[in-house]
Each structure stands twice: as C-alpha cells, then as structure tokens.
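Trainee: Spelled out from the first residue to the last, the chains are:
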Amino acid sequence: QDGPTIFAAASLKTALDEIGAEWSAQTGRDVAISYGGSSALARQILQGAPADVFISANVEWMDAVEGSIEGDSRRDLLGNRLVLIAPAGGDAAPVNLVPGVDLAGLLGDEGRMAMAQVDAVPAGLYGRAALDWLGAWDAVAPRVAHADNVRGALAFVALGEAPLGIVYATDAVAEPRVTVLGTFPAESHAPIVYPAGALSDDAQALDFLDYLSGDAAASVFGANGFTVLPRE
Amino acid sequence: MTAWLGPAEWQAVALSLRVSLTATALSLPLGIWIAWLLARRRFPGKQVLNGLVHLPLILPPVVTGYLLLLTFGTQGPVGGPLRDWFGVTLAFRWTGAALAAAIMAFPLMVRAIRLSFEAVDPRLEEAAATLGASRLRVFATVTLPLIAPGIVAGAVLAFAKAMGEFGATITFVANIPGRTQTLPSAIYGFLQVPGGEGPALRLVLVSVAVAMTALLVSEVLAARASRRVAGS
Amino acid sequence: MTAWLGPAEWQAVALSLRVSLTATALSLPLGIWIAWLLARRRFPGKQVLNGLVHLPLILPPVVTGYLLLLTFGTQGPVGGPLRDWFGVTLAFRWTGAALAAAIMAFPLMVRAIRLSFEAVDPRLEEAAATLGASRLRVFATVTLPLIAPGIVAGAVLAFAKAMGEFGATITFVANIPGRTQTLPSAIYGFLQVPGGEGPALRLVLVSVAVAMTALLVSEVLAARASRRVAGS
Amino acid sequence: MTLEVRLSQRWPGFALDAAFTAPDGVTALFGRSGSGKTTIVNAVAGLLRPQAGRIVLGGDVLLDTRAGRFVPPSARRIGYVFQDGRLFPHMDVAANLLYGRRPRRRDAAFSDVVDLLGIGALLARRPAALSGGEKSRVALGRALLSNPRLLLMDEPLAALDEARKAEILPYLERIRDTARIPILYVSHSVAEIARLATTLVTIEAGRVTGAGPVAAMLADPGAVRFLGVREAGAVLAGRIVAHHPDGLSEVAVSGGSLHLPRIALGVGHGVRLRIAAQDVILSRAAPVGLSALNILPGIVTAIRRGDGPGAMVQLACGGDLLLARITGRSADAMDLREGQPCHAIMKSVAVHPDDVGG
Amino acid sequence: MTLEVRLSQRWPGFALDAAFTAPDGVTALFGRSGSGKTTIVNAVAGLLRPQAGRIVLGGDVLLDTRAGRFVPPSARRIGYVFQDGRLFPHMDVAANLLYGRRPRRRDAAFSDVVDLLGIGALLARRPAALSGGEKSRVALGRALLSNPRLLLMDEPLAALDEARKAEILPYLERIRDTARIPILYVSHSVAEIARLATTLVTIEAGRVTGAGPVAAMLADPGAVRFLGVREAGAVLAGRIVAHHPDGLSEVAVSGGSLHLPRIALGVGHGVRLRIAAQDVILSRAAPVGLSALNILPGIVTAIRRGDGPGAMVQLACGGDLLLARITGRSADAMDLREGQPCHAIMKSVAVHPDDVGG
Ligand SMILES: Nc1ncnc2c1ncn2[C@@H]1O[C@H](COP(=O)(O)OP(=O)(O)OP(=O)(O)O)[C@@H](O)[C@H]1O
Ligand SMILES: Nc1ncnc2c1ncn2[C@@H]1O[C@H](COP(=O)(O)OP(=O)(O)OP(=O)(O)O)[C@@H](O)[C@H]1O
Ligand code: MOO
Ligand SMILES: [Mg+2]
Ligand SMILES: [Mg+2]
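Residue numbers (the numbering used here), protein chains in the order written: chain A, 3 to 234; chain B, 18 to 249; chain C, 18 to 249; chain D, 1173 to 1530; chain E, 1173 to 1530.
I should point out that these hints are in silico values taken from the structure, not numbers from a laboratory. Treat each hint with caution, since some may be false.
[What the hints assert, rightly or not] Simulated restraints, written as ranges between beta carbons of each label pair:
(1) Q64(B) with R233(A): 52 to 60 angstroms
(2) D1236(D) with F156(B): 25 to 33 angstroms
(3) A1436(E) with E1376(D): 21 to 29 angstroms
(4) M1173(E) with R140(C): 21 to 29 angstroms
(5) D1232(E) with Y1343(D): 45 to 53 angstroms
(6) V237(B) with L43(C): 29 to 37 angstroms
(7) F156(B) with R110(C): 44 to 52 angstroms
(8) V100(A) with W21(C): 47 to 55 angstroms
(9) W102(B) with S221(A): 51 to 59 angstroms
[Said to hold, decoys possible] Covered stretches of chain B, as calculated for chain D (at least 3 residues, CB under 8 angstroms):
(10) 132–145
(11) 154–162
We treat Cβ as the ideally placed atom computed from N, Cα and C, and that holds for glycine.
Generate coordinates for the entire structure from the input sequences, incorporating the hints supplied.
Mentor: The following block contains the structure:
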C-alpha cells in the first residue's frame, strides 16, 4: 500500500470511491478509503489509526480530533440539506416546511417519523434542531423511530413502515422508493458540514485532500447531491 | 442506584430484560424441536434447514435486520397478513425486538441443544420404549431431562446474545425510548456523541451485571441437572 | 464470476476467509483449554472466567470493538508494549480483525466444546489411566476424539460468526480496503449509500455461500466422527 | 400365548438365520458368546428391525418384513431386562422401577418386587451410586413391574451372587406359572435353564441347532456337545408325597421315590428336579450302607462313549430318563450294556435345592 | 509382591471398613452384591480416593491418607478388568487391546491373547458392534496386555459361557504362575475361586469376615454360611503320577490316589483339585461294584449339623481335609461320630475338569 489512507464518513462512499479512482488514475498511486460512522473513525484516530485524511460527517467529531489535524489543513468540504420524505407512490402531498407545520398530524394515529437517532447521529441532531425550529418537535418527539443512522431511517420510509422520514437530500436523491415532500430551510438547523483535514504531513495525503477540493471532485460530489462548499 | 441511572435508562434495562427473556423463552421450544430434527432425523432439505438456522450468524446483523423488516414489516409478505388477519404488528414494537433477538440468538441455542441430543445414549430411549412409553413420553421423560444441561446452555447463550443484540434490532424496530430502546441501542446512542463514553459505560455495567447473574443462575441449574445424572 | 465481483470485493472475500480461518484455528486450542477448565476443574475465579468468556456475547459489538481499541490499540496498555517489545501491531491490521473475530466467536466455541466435555463418560478416562496413560495421553487419545463432534461444532460456529462479525471488527481495525475490510465491512459500506443494495446483495451471497460450504463440510466431519463412536 | 420367531440378519462377519417357536412358559436361548442371542432378543423387542423375518406373539404379528409390518417397541408390551442394564441415570431407583408401571403407584406388586430383589434401601438412590449387582436387580424389577405380555431376559442374573439368585429364581418361577407370561431367557447357566425353562433353544453361530422341551433336550446323551460335560443332566417331574420330621421331603418320581431337603410346597404339589449326569453313580448290585439316600432302579437305554475317558449312560427309571456320566473304565468294569438293569445312586443333596422347580 | 489394603469409606447407607493382605497369587474377593467389592478394587486402582486408608503394593505406598500420599491411577501400573467393560468406543478392538501396551505393537503376546480370547475376527470392529461376551473378552485382553504389576478383575467372566470360561481359566492360571503378577479377583463363582485363588477374602456389608488360604477357607465346615450349600467343598493338592491309556490321569493326594479325566500336564506336575462337599458320598464299609472310581479312606474330624436337614462332615484323608455334605438322616443311620473311620466316594468325573488347576 503505497498511497494515503482516508477515513471518511460512510455516506460519502459512492462519491469518494469515484473520486479516489480518478485520483489514482492520475497519480498512479493507490488510495485506501475506510468508511465508517464519524464517531468510530474519530475514536480510531484518537487511538492512533494510520489515517492520513479524515472526512467527518459533522463538526463535533472533527473538533474531537482537532489535536491530530495537520496544521491548517482542516476545511469545510461539503454541505448537505435535510429533506422530509414519504414512501413513493403514496398520496402524500408536498409539505411546506414553515414554522407551525403540523407534522404530527401528517403521521396519522399510528405512523412514525423515521429519523437517525436524534441525540446521537449527525443526521438526527440536525433533524431535531429543524423540528424544534419548526415548533414541531414536542408533538413529533414521541412518534420518532430512531434508526442507528440515516440509512436506517431511509429504509423505514422506503419500505413503507414509516409514513414520513427525515434524511439527507443525498440519500433521498437516489432512492426511488421515496419522494421528497419538502426541504428543511437551511436556517432551521446548523449548517450541515462535512469537514476534512489531513492527519499527517504526507505529501500524497495533502495532495489528495487538495484534489477533493478541486473541480473534478466537485462535479462528482455535486452529481451525488452534495453542496460543494467554497474554500475560504 | 436509582439516581445512578435515569428513568429512560431504567426503561431500557427493563425493556432489554423483557425482550431477552421473551426471545429466549419463546424460541426455546422451537429451538429444541429444530435441534432434535437436525440431530436425530434424516429428511430432504435438512442441510438447507441447517443453513437457514445459521444464517443470522453469518450475515451482518444489519442485513438480518433489513431482511426482517422486508419480511415482517407491515408491508412485508409475512408482516402484512399478520397484521391484517391476526392484528399482530411487530415493526416498531418490543415484540419485534424480541423476534430480532430470538432470530439472532437462534443458531447458538440450536447448536448447544443439538450437541446434547447427539450425546444422549439412544439405548436409554430404546429401554423406555420397551417399557411402553410413547415417543412423546420417551422424549419428555428420558431425552429431555438428559439434555437439560444443553438446554440450559442454549438458553443462557441465547439470553446473553439477546441482551447484547443491537444491529438487527435497531434496523428492524428502530430505537423508540420506552418501546424498543434496548440497552445496546441506548449504549450505541451514547457512543455516537463525543463525551458519551461515561453514560455508555454505566449502561454497559448494568448489562454485564444482568447477564452475569443469568450466567451464574444457569451454572447452578446445569450443575444441578448433571449432578442428578451423575448420581447420589 | 471474476467479473461479477470487483477486485476490491475479491480482496474482501479473501480477507474475510483469512481472518475467519485464522481466528478459528488460533483460538481453537485456547477454546478447548478454557472449555476443559470450565467443564472439569474447580478453581477460584471460575465463574469470573466464565463471565469473561461470555462478555463479547453480552456487550454490543461496538463496545467490544471499542474496548479492543482501547486495550490493543497502539496507545493501549497491551497494544503499546506489544508493539514496543515484540513489534506486533494488531490495531488496523488484518491480525487485529482476526483477534476481534476470535474474541467475538469465543463464547460460541467454548460453549459447544464445553458441552461435549461434559458429555464424555469419565469412566472411560479412568480406564485409560489404569492402562498407564498419562493425563495428556488420556486427553489426546480418549477425551479429544470423543469430543470431536463438539470441536467441529464449536469451530464451525466460530467460523460462521467470524465470517459475519462486523461491529467489533470495524470499530477496532476500521474498514481499510485490502487491509482490514472484511466482507461484512464491505457490505456495510455499500448499505450506507444510495443504490448500494445491489453490490451489498452480491457480497451477502458470497458470504452465505462460503459459510454454507463450511457448514456442509463440518456436518460431514461431525457425522464421520460420531459414526466412528457408534460402531461398525 | 405362543411366540413364533423367524429372522435373518447379516452383518459383516456374522449371519443370523434363526427360526423357533416359544410356547407358554420359559424358553431358554442357549449358545456361546457371539452366537446371536441378544440379536434375536432385540428383534423380538423391536429394537432391531431385521433384514427379513416374521415375529408373531399370540397371533399378533409384530414383524413381517414381507408385508412391511413392524410394530414399534412401545406398542409391543414386551418387558426387556437388558444385558447392559440401561437404567435411567437421571431417575432414582423408585422412578426407574415405576417407569413402565401403569398406574405409576407404589402398589402391592411394587412392594413385592422391591422386597424380593432386596432393593428397598436403594429406592432414593440414582443408578450411578449402585453396585453392579444392584443395577441388575433394579433392571429386573423395572421390567417385571411393566405388566408385559412377554418377558425378555438377557442374562439377568449374571452379576448376582448365588444366594441372591436362589432368592430370585423362585420368583421367576412364580411369574412363569401364575402370571402365565411367556419368558425368553438368555443364560449361560444350565442350572438356571434346567430349573426355569420349559423349552430349550440352542443357537450356534446364528443358527438354531436344537429346540424342544428342556427335559428331553437335557436327557439327550448328545447334549453334552453344547452343554459341556459338567452341565448335562436330566430333568424329572415328580410329586411331593411327604414332609418328614428330619427336614427331608419325599418326592415320588415315576421310577421310585427320592428324599430331598425340605421343599416349601404342600404335599401333592408337582416339582421339577434336575439331576446332573455327573452326580449319578451307577451300581449293578443294590448298594447298602451309603450316605446317599436316593437309589433308583433302572434299565440302561443308551451308552455313548465320548472322545475322552467318559461315557454317557442313559437309564430308563420308570417313565423318566436319567443321564449318568461315568468313566469308560467303569463302564467296562461293570460290563454295562443296553437293556441291562442297573441302580442309579444319587445323594439326596445332589439334587440341587435350587433346581427344585415348582 | 504383597498387596496390603486398609480402607474406610462411608456413603449414605453404606460403610466400608476393610483390611486385608493379598500375598502373591490370586486373592479372591467374595461377597454378596453390594458388599463393597468393587469399591475396594476401585480404591486399589486409584479410581476412588477413600476417606481413610493405606494401600501398599510390594513396599510401594500407593495410598496413605494420613500422610496425604496418593499415587494417581496412571502411575500405579495396575491392570483393571472393569465390571462394566469400559471399552473405548471410538477405537477398534485392536486399538483397544493395544492401548496399554508398550511398545504398541502386535507382538507375540498380542497374538497369544487374541487367539486365547477368540477375538481375532473382531480386531477391526468397534465395541458397539460386539456382543456382551465379546466385549468382556476384549476388556480382559486389554488389561492383560498392559504389563501390569497387579491385575484387578471384577467379575471378568460373568458374561461368558462355560466353554469360553474353561478356555480362559488355564490362561489366567498361567499368568498367576509364570508372570507372578498378583491378581485381585472378584467373582461369585466358587468354582472359579477354588480353581484360581490362593487366598480368599470374604466381605460382608463392607467388612472383611474371613481371610486365608483358599483350601483352608473352603474346607471349613462353617464356610457354608457364606458360600451357600452348593458351593462348599475342599481343595486338595495332588501330583500327577500316571496317564493311563483309557484317558484317565492318576493323581496322588496325601490320602490315596484319584483317577481323573486326562490332565494336560506331565507326570510329576502338581495340581489343585476341588471336591465339592455335595459330590462326596460316605460309606462306613469299603464299597464295591460302583461306577465311582475314587474312594479315599479317612477319619471323621468334624460334623456340623445345619439348621436344615443337612450335615457337613469333615474328613481327614491323609494330610488333606475333605468336606462331605450328607443328610442328617444318613448321618444318624450311619452313626457317624468324630474319630470314626469312613470312606469318601467320589466319582472321578465329580472332580470337575476345570477345577483341575495347575
Ligand atoms: N457413589 C456412591 N454413593 C452411595 N453409595 C454407593 C456409591 N457407590 C457404591 N455405593 C454403595 O456401596 C455399596 C458397595 O458397592 P460396590 O459396588 O462396592 O458393591 P459390590 O460388592 O461390587 O457389588 P456387586 O457384586 O453387586 O457389583 C453398595 O451398597 C452401593 O450401593
Ligand atoms: N452392529 C453390529 N455390527 C456387526 N456385527 C454385530 C453387530 N451387532 C452384533 N454383531 C455381531 O453379531 C454376533 C451376535 O451378537 P449377539 O450380541 O447377538 O451375541 P450374543 O449371543 O448375545 O453373545 P453374548 O453371549 O456374548 O452376549 C456377534 O458376533 C457380534 O459381534
Ligand atoms: O455518515 Mo453518518 O455519521 O451515518 O451521518
Ligand atoms: Mg448378548
Ligand atoms: Mg461390583
């Protein structure tokens, strides 16, 4: 293995696999990307994992490994949006996600709101903030089905087990069994940011990190539904 | 102690116990039957059954959970009829958690019991038959008592596994505090946020304490069962 | 077939096999020894040992993985000395994956073998002793062959579990393609992104095929072992 | 109730082809180790499904391989005392004994069997804490208590001391005579067989080599071949005519009367006596002044010289046949020939007390 | 090599307190079912660690509970033929036989034992495919082949037919006499004991009730108490003086000479003869014209009347003691008293062929 090792949030897999392959083709170097939950990756880094680059799905876990970040290599790479979804083919109408919206009412008597775990996983934390902002949290809270991550929440809706769910826009884009009822206003939650940073001064790692911030990568990220954040 | 864990955590403890005990108790008869089939009978498709039983061991838990959701979800081929005809819903219920735990623990249970079946001397069963005992009576009065240590071992393995099961459970029934949030789901939640290690550790200790108690009880039971056979 | 799986996926298959086989083979002697201790000996702390063996079953896999990371990581109390004195690193190596798989599978292995020990008629061992056989020879020539079905059962359970182990492995050694990415980690990766179900399913099928083959082989071995005892 | 057995079973190195009929009473299977006795008994019990055969018990077809009929062991109501015990290790002795009993109560029959077998003190023990002989007694009791319509006994007394055997044999006789349950009895002891059996079936290497009433089989001078020299002997039927005050009972047989140690049966009762060929001394003249009380006059009906120094002499004493084993030298010295009158001398005690069958 | 045993072991309902010394040769343990024989043998083998006791074999302390010494079974070099067989189910017969042998080769001794026990055809079989008697033969062979310095045999021949026993007994005698391995032998058969044993230890309910040389023990008129009426009898030492052409061998005993069926030993060889008390007829006058060839003159040394109709008479014939069991009626009729001369009549064949010990 003569290339850099990247630790990246699992939700980036499709895009990063493609970008990594392009980078390898250009540089003739291998790149190994280890996908996992941001929390697990961060803990591994804290325990001395041989990672050269870390791309987290939230700011907190990047902050947690701040001490390991090489110089000023940290940057906010990508953004994402939060959407409200429903099973495709149902009669659910688009929802205008403005304060006061009666999401609990949309759940009916029995229905559940599928979300990533709201007190733990980034997608859940954002979702809860958004519902708070809408003033819907208190009504929805007892009806939430917490999945271990955003993919679990997506599955609940895709399989029709939950009438509504809150997931990233990137997840909803490629899942034909769900429809997007609405996108949460950007101001309803803290910005969804995927920070990235180098963990070593390995030249290739820095090169790969820069490549991620480049145009070629940007178009792949974009195609997968991410917002490419401008480099400050 | 009560102050040491919050009410939500106590709920998780109680729910985990309920789920694990239910899973163990309800799957035990089936486990004994399947173990008996595999140990004693020859039939076409035996190896298929054997493979099916082991499947949850081989598959990543998330996959098992997803398959459960597909099958036993309200839209699934089994879950739908269950709900429509019997009014039984498993998805998002503690009963679903018990089902997931039971299925995940099933290979362990069946193996232990099957090994014990294979160790029973068939000449004793023959002797019982010559004394006029029906197959059922032979089974209940000779075979079953002789495999008691195996049943205890299988049950305690299943219980321990059920106490620790997480991936399949959360994927199938999500994590709804008070309804489906078991100890491992709660522990997982804590581990997803920076600084959550402390609360997670508390729950781990509770979980370990419960399972160790079960283990000790099982050792006593098994020792008693085998002392009965060994004489005096 | 080669076209059916990509090279990274073949790597995952090969690595999973290597990890599972290594984990099973290396833990087997220890498993037999511990099973023997638990089945045959009385010593202070026996119940503690018993509890320790069961621990990986009780704890959520992520917790086990995290504990492994803390202990065997390069900064850990065991991992540090291991590296400094013996030059052995486990964390983020396939060897670490094997360790994680072995530990996760250990309770299953020990239980199966222990049950078999308990079923051996001690009078046969006594007979061997009167014929001048040392304890070791009695063990090797009488006890061990008689528990062969249990050893096969324990090994196949461990192998199957190792093939399916995910949570502890990914937490301990991450998910680095070609180095620590086992089949379940690869499956997990696919399941985290939109449209990953297809590739995930392919890997699931490979995993199932491998484990089923092992299962079939084990059945044949166990049947042969018990036919030897049953005569003719 | 008659048991008809016809069986074929082949294993590598062993072939069984046996057919015999066991009438009421006790049918002894006698044969050397490995001759196929247990195999036959297992087939009758239904534990072995032979490759071919037919087994009929009292008109009830238990097995007919041609017709594809096989009654499972549990439906045969056949009590089986196994050669290897097979007590239930997880039950105490009482539970073992009651296992086949219906209703499962400690009734009078239970107490009888427990007393007879001397296992009253063991009722709460588990088999692992029993001695070898205790185990076989419990196994015997368990089969006896299961109300069988046929009893199979595979060397049930082999592990027992003589005194215990002497206690149990009369009980088995009682079962034979009062319960009228046929018994298939495997034993290496001719004494046991002569005492208990009505029919003797001899097996050699998987084949039936002889079958018939015990008295006739044992009085056959050729029986030495399978019984061994020491075990040949005749079985006589007699009737008790008096109990004398000195402790002797007088038994009338067809050729005269014999004095035996007190028999615990009333005057007028029929008894079976076994007189081993080697316990009989012959004398041309009527002997006097001997300690032996029992002298029967008879006529020599057959003399068979063996390969060795011995000769087997068959005498007709009244309507019964006696066997005497003497040396060829004596036969010559006495000039014994068929048709010659002769006296058979038996010590009263040579008629073994426990060969006195009811 | 002498074995000294002192043991105490208490179980609920049973207490063993036994002490005896087993000199060279065969020491028989004789006692009723449940009297403690297997318990003693297990302790000697080291399989039972008794609550208290001391066991010394040829100066080697195997157990001393006071001193806390306990030699494990594997270091005792004691061959044990178990009452319950205990063959290794996963090994074929050959592997079972060779298990204790060192080196583990099919040497001459192996072939000898296999031939003797008639198990040559079974070598490749597993124990599950053996008959009861075949199993005990293999178990016997396995212990014999382990080069033990002491052999323990717990009813080794119980499952065997007479013919097989008759083949095996001379072999055990050879072991006793040539290999000079002491043997502790549990049996219910007085014939076996009389033939094999040099020392007899009788056990009742966990206690040693008698111990001594077999001849003296069996010739004791009181032996009836534990042996049973049928089994009492004397053991005589004799020497072969001639083999006659009619197949009889002449044996000189201290009181005269006896004619027995051909003994397969050369002239001049010593033999042990057992004459069961019930096989002896007494006559005041020297008898004539009888088929019985063996008549020894003697002097009545003791008469013991039993509770029943019998009387046990001890005769001194030369330097040997004979026992005769006759009826009280005969004793009265013959007016037998101590010191009176008398003739003992034994049929030559009544000296059991397999009671002829080397
Ligand atoms: N583990 C035990 N616990 C309690 N009692 C026992 C135990 N083992 C043996 N006994 C009792 O000790 C006594 C002696 O047993 P042992 O096996 O020595 O008898 P034995 O003389 O060999 O009899 P047998 O001729 O029937 O084999 C018996 O009454 C038996 O029930
Ligand atoms: N499963 C088997 N496979 C092969 N041979 C067998 C099997 N079972 C029994 N035999 C053989 O069949 C023959 C008859 O066995 P069986 O048990 O009927 O003998 P047995 O007359 O009861 O002898 P014993 O008096 O020694 O108990 C023996 O030679 C035995 O080795
Ligand atoms: O990529 Mo995440 O940590 O499952 O939101
Ligand atoms: Mg048999
Ligand atoms: Mg015994």
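Trainee: Is it true that D1232(E) and Y1343(D) lie within 45 to 53 angstroms of each other by Cβ?
Mentor: 47 angstroms Cβ-Cβ, so the 45 to 53 angstroms window holds.
Trainee: For D1236(D) and F156(B), compare the CB-CB distance with the range 25 to 33 angstroms and indicate the outcome.
Mentor: At roughly 28 angstroms between Cβ atoms, F156(B) and D1236(D) fall inside 25 to 33 angstroms, so the hint holds.
Trainee: 44 to 52 angstroms was suggested as the range; check whether the CB atoms of F156(B) and R110(C) agree with it.
Mentor: Check passed, 50 angstroms falls within 44 to 52 angstroms.
Trainee: When you take the CB atoms of Q64(B) and R233(A), is the distance between them in 52 to 60 angstroms?
Mentor: Distance hint for Q64(B), R233(A) holds at roughly 59 angstroms.
Trainee: Given the hint of 21 to 29 angstroms, check if A1436(E) and E1376(D) actually sit that far apart at their C-beta atoms.
Mentor: holds (25 angstroms)
Trainee: Please test the hint of 51 to 59 angstroms on the beta carbon pair from W102(B) and S221(A).
Mentor: Hint holds: Cβ distance 52 angstroms, inside 51 to 59 angstroms.
Trainee: When you take the CB atoms of M1173(E) and R140(C), is the distance between them in 21 to 29 angstroms?
Mentor: holds (27 angstroms)
Trainee: Are at least 3 residues of the segment 154–162 of chain B within less than 8 angstroms of chain D when you compare beta carbons?
Mentor: holds (count 4)
Trainee: Are V237(B) and L43(C) spaced within 29 to 37 angstroms by their CB atoms?
Mentor: Between V237(B) and L43(C), where Cβ atoms are some 32 angstroms apart, the hint holds.
Trainee: A range of 47 to 55 angstroms was offered for this pair. Does it hold for the Cβ distance of V100(A) and W21(C)?
Mentor: 49 angstroms Cβ-Cβ, so the 47 to 55 angstroms window holds.
Trainee: Counting residues of the segment 132–145 of chain B that have a beta-carbon nearer than 8 angstroms to any beta-carbon of chain D, does the count reach 3?
Mentor: With 5 residues closer than 8 angstroms to chain D, the segment 132–145 of chain B meets the three-residue bar; holds.
The structure fails none of the hints (numbered hints given earlier).
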